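**Q** Chain residues, written in single-letter form:
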Amino acid sequence: MILDGKCPTGPIEQTWDKHRFDLKLVNPANKRKYNVIVVGTGLAGGAAAASLGELGYNVQAFCYQDSPRRAHSIAAQGGINAAKAYPNDGDSIYRLFYDTIKGGDFRAREADVWRLAQVSNNIIDQCVAQGIPFARDYAGYLDNRSFGGAQVSRTFYARGQTGQQLLLGAYSALSRQIKAGTVKMYNRREMLDLVVVDGVARGITVRNLVTGELESYAADAVCLCTGGYVNVFYLSTNAMGCSVTASWKAHKKGALFANPCYTQIHPTCIPQAGDYQSKLTLMSESLRNDGRCWAPKKKGDTRPPNQIPEEDRDYYLERKYPSFGNLAPRDIASRAAKEQCDEGRGVGPGGRGVYLDFAASIKRLSEDTIRERYGNLFEMYEKITDENAYKSPMRIYPAPHYSMGGLWVDYNLMSNVPGLFVLGEANFSVHGANRLGASALMQGLADGYFVIPYTIGGYLATIKPGQVKEDHAEFKKSAEDVNKNVNKLLSINGKRTVTDFMRELGTMMWENCGMARTKESLEANIKKIPALREEFWKNVKVTGSGADLNQQLENAGRTADFLEFAELLCRDALHRNESCGGHFRSEYQYDDGEAKRDDVNFCYVGAWEFKGVGAEPELHKEPLKFENVHLAVRSYK
Amino acid sequence: MSDHKTMTLTLIVWRQKNASDPGKFETYTAKNITEHHSFLEMLDCVNEDLILEGREPIVFDHDCREGICGMCSQVINGAPHGGQVRTTVCQLHMRKFKDGDTIYIEPWRARAFPIIKDLIVDRSALDTIIQAGGYTSCHTGGVADGNAILIPKPVADEAMDAAECIGCGACVAGCPNGAAMLFTGAKVSQLSILPQGKTEAAARVTAMTKAMAECGFGNCTNHYECQAACPKGINVKFIARMNREFLKAQFA
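Residue numbers (the numbering used here), protein chains in the order written: chain A, 55 to 691; chain B, 217 to 468.
For the record, the hints were derived by calculation from the structure and aren't laboratory data. Warning: the hint list may mix true and false statements.
Listed next, the in silico DSBU-like pairs over lysine-lysine satisfying Cα-Cα at most 35 Å (straight line) [to be verified]:
no. : chain 1 : residue 1 : chain 2 : residue 2
1   : B       : Lys464    : A       : Lys445
2   : B       : Lys314    : B       : Lys414
3   : B       : Lys464    : A       : Lys238
Listed next, the stretches of chain B that the computed footprint assigns to chain A, with coverage defined by at least 3 CB atoms under 8 Å from CB atoms of chain A [stated by the list, open to error]:
no. : segment
4   : 271 to 285
5   : 325 to 336
6   : 403 to 412
Since we're looking at a predicted model, the values are computed, not measured. Every residue gets a Cβ at the ideal spot worked out from N, C-alpha and C, and that includes glycine.
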């Protein structure tokens with residue numbers, strides 16, 4: 055099967071406008087007859103639920119937290135891109151499009167990326183209208199800064215809390231619709247199954263996390279906005295509750311999973327300190343505007359950083375990538391940091407770290423200016439490490455951060471299962487094999503505010519509302535299956551905790567399928583994961599009951615899904631015999647260590663079809679065409 | 217970083233099966249804790265031991281563990297979030313404690329925050345307050361260019377100072393009256409400071425303060441415990457601003 059992304063043709067500049075015009079419309083008076091489910095209420099889900107509710111659809115929105123305001127989009131620090139070209143430095147929609155295609159190592163769809171760049175400008179206007187206090191200059195205009203992978207300043211920001219402010223904006227818009235009654239909000243619910251009737255998505259089964267009750271919800275369309283899966287590595291920058299569960303359940307019900315091996319390792323995280331650690335904390339990429347990355351030139355140089363003279367320091371990013379310097383894209387900067395450490399020149403405990411040094415900027419701009427720009431990040435760093443980064447450089451190391459892969463969707467954000475839409479990080483569409491900085495917030499809000507309100511109408515206009523209700527046999531069957539799974543997890547009463555299994559899986563994934571992968575390491579994982587999965591189902595210990603708030607049970611379910619998904623991720627990494635963006639296969643590199651892409655054989659989206667647990671999945675390909683940005687070796691030198 | 221030295225601590229934790237259970241304190245021992253553990257990682261370790269003993273782990277709300285989502289909510293030795301300046305529980309580290317310490321851990325206590333289980337409380341009343349008017353009524357699409365209305369930097373900065381609120385509810389838990397004035401004041405102020413929010417300022421402050429009272433929150437009597445408890449350092453001046461906005465709305 056060759057997949058069709060249904061991308062509009064013709065001049066790229068006109069694709070989205072033409073497509074919008076061609077989409078069928080739902081009459082305003084008919085919109086209230088349609089029910090739409092939105093799972094997840096972060097940037098993509100919150101914005102989608104608010105916008106669809108406002109249009110007049112009946113929306114039911116779900117989140118696992120106690121409030122939609124807690125979604126992990128809130129933790130994004132640095133900023134959001136838009137092609138406003140306010141700083142007069144040569145930016146344009148075309149350049150944002152170009153940077154994103156190239157940044158993604160030519161593994162994203164041109165039409166989707168064009169649309170993202172085009173609507174980016176609307177997003178800023180929308181957020182300003184919502185009362186988001188973006189940074190302003192003294193004349194009162196919006197301020198900008200730069201991010202990795204770009205040579206222009208196109209990033210809009212709200213101190214170091216941009217994600218928080220954008221999420222609270224979407225949450226406010228959502229709150230307004232909840233009050234108006236167009237959106238019914240269900241907090242503390244976790245989606246545990248997708249209900250598919252005759253091949254069409256018709257609803258979901260959720261567990262009420264407070265009472266343990268299973269609940270069925272039917273709708274005319276389901277939007278999954280459930281974020282990413284990098285917690286498969288156990289330690290990551292994601293929130294503790296981020297999981298692959300919703301996507302994986304949809305995958306098991308027929309949705310194709312695209313490019314799971316594209317996982318972003320973010321270069322500027324606080325290094326791991328001990329075995330007890332539960333997560334890793336990101337330091338915004340914007341810090342690389344003013345911080346310089348370096349490692350000692352000599353191996354095993356244990357002198358404190360301020361006693362290492364200039365001539366003994368290697369400012370490796372500035373040396374290797376003079377035109378982008380410290381603002382090289384994330385995959386490049388991550389690999390460069392790993393290289394320093396692998397050569398024995400890493401700093402801090404275990405030599406897993408490099409310096410991010412602000413001394414030069416503090417000297418040039420003053421400590422106050424640096425505090426103004428990044429104060430909260432310095433505070434956060436101090437709380438975690440007990441070190442003052444104004445006085446000595448931060449120590450950073452790469453960590454799993456974002457998934458560029460996700461459920462396969464066409465240009466309308468609809469998966470191959472009719473009626474199932476996937477938005478934001480949960481889909482695979484715009485980042486290719488590497489996401490540039492400040493583009494995740496952009497995608498979440500683009501999908502939620504400016505894409506789905508149009509494209510879902512095109513689908514709903516073709517179907518009759520309310521064809522399937524909660525009393526349908528498929529809902530009953532789905533709830534029974536979920537219940538069986540819950541009871542099974544509670545009945546095993548083995549000897550190992552859920553966390554113990556998750557930590558073992560994560561270590562295996564990080565070591566064999568992390569920043570560098572080889573055929574051997576991946577094959578080892580594909581052999582070991584099923585064994586670990588088998589042990590899990592025999593030896594996991596989950597205390598308590600299913601008819602109660604039970605966090606161990608929640609974690610057990612998520613871990614069970616990660617144990618299945620991890621195998622798919624490794625299989626995808628194994629089949630892709632090339633290096634591109636966040637997917638680095640050690641066998642495929644140039645002499646200077648740069649990633650070696652293979653456009654002849656791998657210029658496609660790899661989308662996998664589920665064939666059963668433990669069975670080999672089937673690969674489907676969607677060829678990628680580059681008509682506007684020509685395939686070229688990606689260079690930041 | 218200094219060498220890891222381990223600590224043993226005594227924890228006295230509030231356990232309550234559900235909203236109707238009377239609840240009680242139980243005592244646990246936290247072993248092999250280093251100064252680099254976060255407070256929640258320390259609890260993770262205790263929970264792992266409890267699970268292996270076949271006992272139910274302590275449940276507590278948490279998610280981002282980066283101090284920003286506002287989900288974590290524990291009163292530690294009488295202080296919301298543990299009482300360290302501008303710190304959420306998830307960012308509190310064990311280096312602030314010493315070997316042999318006894319630590320009391322309780323949930324947020326406020327009439328408007330009923331306990332769900334152990335350390336988890338229901339904070340949906342804060343959502344109700346926002347739903348009453350914590351937004352600008354702009355539609356998606358069709359808005360003006362972001363630079364069409366100039367906003368002086370000090371104004372944007374002050375709005376941002378208010379907007380930093382993470383909605384954790386520590387201000388309510390710290391207040392002897394269980395008031396949500398700092399939380400509400402922060403949102404009312406953010407939106408009334410900015411030109412985009414000004415047109416609806418009077419209706420907003422009226423609706424939000426009404427919702428606050430209906431949800432069972434108390435009133436402010438100037439104890440300033442909210443400011444002391446706030447992990448984001450939200451200033452009580454925003455309560456004063458809300459009061460001013462409220463008065464203005466009465467005469468509008």
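**Q** All hints are to be evaluated individually against the structure, with a verdict given for each.
**A** Here is what the structure says about each hint:
1. Lys464/B with Lys445/A: Outside the cut-off at roughly 47 Å; violated.
2. Lys314/B with Lys414/B: Violated, at about 50 Å.
3. Lys464/B with Lys238/A: With Cα atoms ~33 Å apart, lysine 464/B and lysine 238/A stay inside 35 Å; holds.
4. 271 to 285: Holds, because 13 residues of the segment 271 to 285 of chain B bring their Cβ atoms closer than 8 Å to Cβ atoms of chain A.
5. 325 to 336: Our answer is that it holds, as 3 residues pass the Cβ test (under 8 Å) against chain A, meeting three.
6. 403 to 412: holds (count 4)
Checked against the numbered hints above, the structure breaks hints 1 and 2 and satisfies the rest.
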